[in-house]
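S.K.: Heads up: the sequence lines are chains A and B, in that order. Taking my numbering, the leading residue of the first sequence gets 1, the next gets one more, and so forth. Taking my numbering, the leading residue of the second sequence gets 1, the next gets one more, and so forth.
Simulated from the structure, these hints should not be mistaken for lab results. Since the structure is predicted, the reported quantities are computational estimates derived from the model, not experimental observations. Hints are not guaranteed to be accurate.
As the list claims (entries may be wrong) - Computed list of lysine to aspartate or glutamate pairs in EDC-like fashion (alpha-carbon distance at most 16 Å, straight line):
1) 63(A) - 79(A)
2) 374(A) - 352(A)
3) 413(A) - 161(A)
4) 423(A) - 87(B)
5) 266(A) - 352(A)
6) 342(A) - 124(A)
7) 68(A) - 79(A)
8) 198(A) - 156(B)
9) 191(A) - 240(A)
10) 423(A) - 88(B)
11) 319(A) - 42(A)
12) 266(A) - 87(B)
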Amino acid sequence: MSVIRRRNRLVALAAVSALVLGVAACGSDDGDSSGSTGGKPDKLVVETFGEFGYDELVKQYEKDTGIKVELRKTAQLNEYRPKIVRSLATGKGIADVVALEEGILNEFKINPTNWADLTPLVADHSKEYLQWKWELGKAADGRLIGLPTDVGSLAVCYRSDLFKAAGLPTERDAVTALWPDWDAFIETGKKYRAATGKGMLDSVTTAASAVTMQVGGDIFYDKDDNIVADKSAAVKQAWDTSLKMVDANITAKTATWSPEWSAGFKQGTFAATFCPSWMLGIVQDNSGPENKGKWDVAGVPGKSGNWGGSWLAVPERGKHKTEAAKLAEYLTSATSQVAAFKLKGPLPTNLEALKNPEFQSYTNEYFSGAPTGKIFGGSVEGIQPVHLGPKHQAVKEQAMEPALRAYENGEAKAAAAWDQFIKDAATQGAF
Amino acid sequence: MALATPARPASPAPAKPPRHRPARGAKRARWDMKYSPYLYIAPFFVIFGIFGFYPMLRTAWMSLHDWDLIGAHTFIGFDNYAALLKDEYFWNSVFNTLGIFVVATVPQLVLALFLANLLNRTRLRAKTLFRMAIFVPNITSVAAVAIVFAMLFQRDFGVANWLLSLVGVDPVDWDAQRWSSWTAIAFMVDWRWTGYNALILLAGMQAIPRDLYEAAAIDGANQWRQFWRITLPMLTPTFVFVVLLSTIGGLQLFTEPLVFGNGNMRGGTQREFQTVAMYMYEKGINSLNTAGYGAAIAWALFVLIGIIAAINFALVRRTVK
Chain A
1 MSVIRRRNRL VALAAVSALV LGVAACGSDD GDSSGSTGGK PDKLVVETFG
51 EFGYDELVKQ YEKDTGIKVE LRKTAQLNEY RPKIVRSLAT GKGIADVVAL
101 EEGILNEFKI NPTNWADLTP LVADHSKEYL QWKWELGKAA DGRLIGLPTD
151 VGSLAVCYRS DLFKAAGLPT ERDAVTALWP DWDAFIETGK KYRAATGKGM
201 LDSVTTAASA VTMQVGGDIF YDKDDNIVAD KSAAVKQAWD TSLKMVDANI
251 TAKTATWSPE WSAGFKQGTF AATFCPSWML GIVQDNSGPE NKGKWDVAGV
301 PGKSGNWGGS WLAVPERGKH KTEAAKLAEY LTSATSQVAA FKLKGPLPTN
351 LEALKNPEFQ SYTNEYFSGA PTGKIFGGSV EGIQPVHLGP KHQAVKEQAM
401 EPALRAYENG EAKAAAAWDQ FIKDAATQGA F
Chain B
1 MALATPARPA SPAPAKPPRH RPARGAKRAR WDMKYSPYLY IAPFFVIFGI
51 FGFYPMLRTA WMSLHDWDLI GAHTFIGFDN YAALLKDEYF WNSVFNTLGI
101 FVVATVPQLV LALFLANLLN RTRLRAKTLF RMAIFVPNIT SVAAVAIVFA
151 MLFQRDFGVA NWLLSLVGVD PVDWDAQRWS SWTAIAFMVD WRWTGYNALI
201 LLAGMQAIPR DLYEAAAIDG ANQWRQFWRI TLPMLTPTFV FVVLLSTIGG
251 LQLFTEPLVF GNGNMRGGTQ REFQTVAMYM YEKGINSLNT AGYGAAIAWA
301 LFVLIGIIAA INFALVRRTV K
């Protein structure tokens, strides 16, 4: 009897555990954006990459509305993108507000139905932002999928202490005067190498990004989204300039976002990098408080351009689309953009924010008191919209940059690197 | 679920409990004997069905489509497989995977055999401590191991280059060539798995009867000869098992090269250390619109593991015999 009873108990246990495991396995745990469906949500999730400077803003929002906001951050765009893809494909762990960068925006625009149309959800802001930036937030079917956050613009961040040690000028206007064009920039790099034995610039890929965006026009795709990487003037010029830099040996060969690169800011492995406005926060975080006042901001060689910048979108499958749209509206408002700029550097796109005296007169204490409001704000009007195709970011990060780095590290000859780039551009760029 | 019903049959039992009890108990016992074994083994099959079998079928189905993760799915038959056979990067990833497998597994098994043999000595003090110690690397998180090793093998501030510089060797850019990246990755794999394999081999060695060694010793065979003539031949079944496990693990290599390559699925600017699993991820997940192709790679990997496991099985059996 007792044997039977024990067995029954075991059977029951096995059955229960099988059930529990089964339930846990198929259970749809949407967890993150929990709360009541319909009505006011308990919590909204904002998914961003890099540094958007929303930390203080969401605290204010929580105070004002009583809705908790979870701010999820991913350091790099190439790790961030798969997360968004996964959440869209499965509907699991989807955030309420998602930041989309210009390099990946078009890829997501191909399937616009994944995103909520914001037009009915927010007030009409169409005249309040840089016109081209606002227009890019719309998909081909006319739905408004993104509210503009920032643009990048272009500048050079440099270490004045290292420049001094190399016998170069340190004052920001004098540094800007060092490099009216790219050849002059390379000459400066050679002087730096001769004086210190080190590379001045972090890597050629940052310079390549800057040049492609300066030249503009068609980059990897033409207007009809055919891949034209092998014929594009912007690509050609960026490629040639990069190769010249490698041959002149002016870089520290630290791949952007690598541990060597992050550590390089503190260690002084290199003395300059290209700084779109959003990069300021990243330079600051990597360099740490001990290097405060050593960095400064100067103008770029050649003409102005734009690198980067984002939009805030609301996934169609999110549970609280109305509230999420309101939150996105709040985060992209004129006052919020100024506050974010002061905290982490993303450059406003809201016209009112750009005229805001607080923005225009802002000096960045970390960057030796550089008047970043004036430096970046002054260049915004001159930015020309550039057509980026559906898989711009993939072609840039998975085709062009690896090929350039292979040449920089001496792994491939120039012609072989070019062939690799063109071949990869075709596969990475297909959509 | 079904279990609840027979456990409480609606019967007139409460009226005359003492007389009905034996009959009901016997019925229950018979039922129990017949079906409960299936329930005991059910958890594995349920879980395997959900996490193993269903994904396999689904992947096979996906591989026959031009599958956009967040868009349309079009049936294209075996086009993905046809393209795969001609894909240079796929074969490159196969080459890398096999290369890293050989570079990592051969020294690992030799070392494991050596460690197991040492631990098998009868006169070793603190045996349990040593046996536990060699297993510790295996229970550390693979990501943590990979991150730490990736730091050791950094170009500018890595310990490996510092050690090399002490003996006058120029710093190596570890992820810039095949040989150096493979070496670094093999270190990570071996650090984690040598102890694990050593323990399995040790268990096999302990099953070998002691009197064989005693007889050999009386006949004048030294330790070395005993190892070759007794330990190794008697260890064959265990060794086959260990080789199979290492093959499966080695061919699915993913986290170590990924973290070593700074989180980039490409595995080096020239794909020097991109494994098949990484290429699968690149195509299946990273690239939004080629999920079907990624699924085809997953099946190719499955077939590849099958083939190599069969070859290994045949080889190891023959040579050790």
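S.K.: State for each hint whether it applies.
M.R.: How the hints compare with the structure:
no.	hint	verdict
1	63(A) - 79(A)	violated, 31 Å
2	374(A) - 352(A)	holds, 15 Å
3	413(A) - 161(A)	violated, 35 Å
4	423(A) - 87(B)	holds, 12 Å
5	266(A) - 352(A)	violated, 36 Å
6	342(A) - 124(A)	violated, 26 Å
7	68(A) - 79(A)	violated, 26 Å
8	198(A) - 156(B)	holds, 13 Å
9	191(A) - 240(A)	violated, 21 Å
10	423(A) - 88(B)	holds, 11 Å
11	319(A) - 42(A)	holds, 11 Å
12	266(A) - 87(B)	violated, 42 Å
Violated hints, listed in ascending order, are 1, 3, 5, 6, 7, 9, 12; each of the other numbered hints is respected by the structure.
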